[in-house]
Structure formats: C-alpha cells, structure tokens
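Heads up: the protein sequence lines correspond to chains A and B, in order.
Everything in the first sequence is counted per numbering that gives the first Met the number 0, starting at 0 for the first residue and increasing by one.
Everything in the second sequence is counted per numbering that gives the first Met the number 0, starting at 0 for the first residue and increasing by one.
Just so you know, these hints were derived from the structure itself, not from any lab.
Careful: at least some of the hints might be erroneous.
Given that identical chains are not distinguished, each listed pair holds provided it fits within a single copy or across any two copies.
Below, computed lysine-lysine pairings styled on DSSO-like, alpha-carbon distance capped at 27 Å [unchecked claim]: (1) 74 / 51; (2) 73 / 51; (3) 136 / 91; (4) 74 / 136; (5) 91 / 73; (6) 103 / 51; (7) 139 / 51; (8) 91 / 103; (9) 103 / 139; (10) 136 / 73; (11) 103 / 136.
Residues per chain, in single letters:
Protein chains: 2
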Amino acid sequence: MAYQDKSLITNFFHLSLITNNLSLINVETALYLLPVTLGDTPIEMVLPSYNKEIIFGISHFIVEDVRSARRFLKKVDREIDIDTLTFYPLNKHTSPEDISGYLKPLMAGLSMGVISEAGCPAVADPGADVVAIAQRKNLKVVPLVGPSSIILSVMGSGFNGQSFAFHGYLPIEPGERAKK
Amino acid sequence: MAYQDKSLITNFFHLSLITNNLSLINVETALYLLPVTLGDTPIEMVLPSYNKEIIFGISHFIVEDVRSARRFLKKVDREIDIDTLTFYPLNKHTSPEDISGYLKPLMAGLSMGVISEAGCPAVADPGADVVAIAQRKNLKVVPLVGPSSIILSVMGSGFNGQSFAFHGYLPIEPGERAKK
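Pulled out of the complex, with its shape left as it was, chain A reads as follows (with noise of 0.2 Å):
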C-alpha cells in the first residue's frame, strides 16, 4: 500500500509537470489540422497528447466524414459531448463558397478544427483546399503532428529519402485503379 501511495504521487507530479509544461504554450485561435489515427490503433500510440488540450478547446470542426469524425472525437475522449459540436462536411462536391461560409467561426475569433477519414488531412484531400481558403483570408492555420502513411512507409523503407515524389493515393475504385 505504501508503494501504491508512492507511485500515486509520483504519477501525480509527473502530470502535473506535463500539465505546466503545456499550459506555457499560448492556444491561439487558429484552423487546426487534426490528424487521426489509421486505423485501429489507440490514439496515444500515434497522437501528441497536445492534440488532445487543442481538441478539447474546439467546438467546430471541418470533416470528411461526419460519422468518422464523430467515433475520432469519442475515442479521444470517451466523455466528451458530441452534441455541443457543429460538424461541416467537407467533400468534392463542397463549394469554395460552402467552405468560405463553414469558416466564420474562426473568421469571428473561435479556432476550428480539420479532420479527414485517415491520418493527417490536407494531404491528398479535399482538407487542402481549406487551408487554402484560410490562407488567402490571412487566418492562421497550425497543422499538428500525426500518423502519415506517406512519411511512414518512407521511413521503414530503406530508401534513403533524399528526393522522392508522391503520385497520390491509388484510387478505390478497381476501374481507376488499373489505370495508375
């Protein structure tokens, strides 16, 4: 028991350390680029506990799939209150105008957030287009750091990664497919 209280206490300091620590770092009012997890895995093997503090400060988000993001948000906090937040869908058929539209909120002083089906968004997805947006508004946009399939497999591949080029992900549809 004595060793129990111990390791309580020192758990204790060891977050509240973490806790100051970020507690520094000014959360401004920014478009936030919110990576997610691929697949399966749990959210702190792959996530900054950062990401989580900046989540918790959002209300609205900018997604590719409202029932992803959703089941993302509960897996990053299993409390968290789904139906306190404004979900934007973001897809090819999403109008410059819609999304110039879906950012008042950052346009009125509250940061939003971006989130897209898998990994870190704006990349390969329609997610660039709103930073583009946020950008020629000069609104701040801050990308935090995630899982990214490309970086990853460039990583484990033994390739030395000196240059290298992306030609975009194969396409789902078998038809597409082929034809990459």
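On the provided structure of chain A, position chain B as indicated by the hints.
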C-alpha cells in the same frame, strides 16, 4: 485539499487507463525509428506518449549525433540514466560493415533505436542505410510517429498534396546551397 485529493485520484486512474491500454500492445524486439522534436518544441506537443514507453525499453541507440541524442533522451525523461546506454555514431563516414556490427544487439534479441538530428529518422539522413541493412537481415523495423517538416509543410501549404516531389533538404554550406 479534498478537491486536490480527488483530482489526484482521477489523474491516477486516467494514467493507469493509458498504461493498461499500452501494455496490451506487445512490445516486440525491433529496430525502432524514433523521431525527435524540431527545435525547442516540448516533447508532449509533437511525440505520442507511446514513443516514451518504447524508449524506456531500449539501451542501444544508433544516432546521427551522440550529443544531441543524449540531450533528447534527457528531455524525454530527466531521470534517465544516460551512462547505462550505448550509442553508435552514424554519419556519412560510417561504412556498411560498421552498421552491420552496430546491429549485433538487435540480432541477439535486444530492441534498438535510431535517432537522427531532427524530426523523423531515415528520411533524407543516414538512418536509411541502417534500415536497408536491417531489412536485408530480415530484422523487424518499426517507424514511430513524430514531426516531419515535409508533411507539416505540405499540410500547411494549401497545395492539394495529391502529388508532390521532395528534392532533398537544402545544403547547409552556402556554396552548395546556391547550386540547388
């Protein structure tokens, strides 16, 4: 005080939840590619807590620069006993034979880590040679998630990233730099 006690217990449960989650993952013997922070960023902003768990299990590190690798490990955990760790220096003068020799602990069943100067190892740095040699020896290579200046800049750029080419980092030396 009562409040403090409560938060202490909540944090403790939170922490053990994370720990339980992670302990479900089998930590296999492998060559772990360990990303480091870019500049002065705090660890928690850019590295998943899983990376820390993995680092705690490793005593043999192949590193681009011994001094900055030590500094990084101290930043991960101030209590880490650097003197019990072995460092194998890796630079453009390291021969494939040297690298094969470095991998002996891994071949004997001990996990090893690769740490580069900044960001993700084995992307445009000599870490790639270690990966290639490990792959040839049929050793397991596991890239971990961390900050990649390449992906962060694609994300933040507003370019669609559906295809892009990376032509290498600019050389540090001014003459070489101007040629690029």
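Checked hints:
1. Taking the shortest Cα distances, residue 74 and residue 51 sit within 27 Å of each other both inside one copy (11 Å) and across copies (21 Å).
2. In the homo-oligomer, the alpha carbons of residue 73 and residue 51 lie at most 27 Å apart both inside one protomer (11 Å) and across protomers (24 Å), since each shortest distance falls under that limit.
3. In this homomeric assembly, residue 136 and residue 91 come within 27 Å of each other (Cα to Cα) only inside a single copy, at 21 Å, whereas the closest approach across copies is 45 Å.
4. In this assembly of identical chains, residue 74 and residue 136 lie within 27 Å of each other by CA distance neither inside one copy nor across copies; the values are 32 Å within and 38 Å between.
5. In this homomeric assembly, residue 91 and residue 73 come within 27 Å of each other (Cα to Cα) only inside a single copy, at 26 Å, whereas the closest approach across copies is 46 Å.
6. Taking the closest pair of Cα atoms, residue 103 and residue 51 come within 27 Å of each other only inside a single copy of the chain (23 Å); across copies the shortest separation is 39 Å, beyond that limit.
7. Taking the shortest alpha-carbon separations for residue 139 and residue 51, only the intra-copy value of 19 Å comes in at or below 27 Å, while the best inter-copy value is 31 Å.
8. With identical chains, the CA atoms of residue 91 and residue 103 are at most 27 Å apart within one copy only, with a shortest distance of 20 Å there and 51 Å across copies.
9. In this assembly of identical chains, residue 103 and residue 139 lie within 27 Å of each other by CA distance solely inside one copy; the values are 14 Å within and 48 Å between copies.
10. In this assembly of identical chains, residue 136 and residue 73 lie within 27 Å of each other by CA distance neither inside one copy nor across copies; the values are 31 Å within and 41 Å between.
11. Taking identical chains as interchangeable, the C-alpha atoms of residue 103 and residue 136 lie at most 27 Å apart only when both belong to the same chain, with a minimum of 11 Å there against 55 Å between chains.
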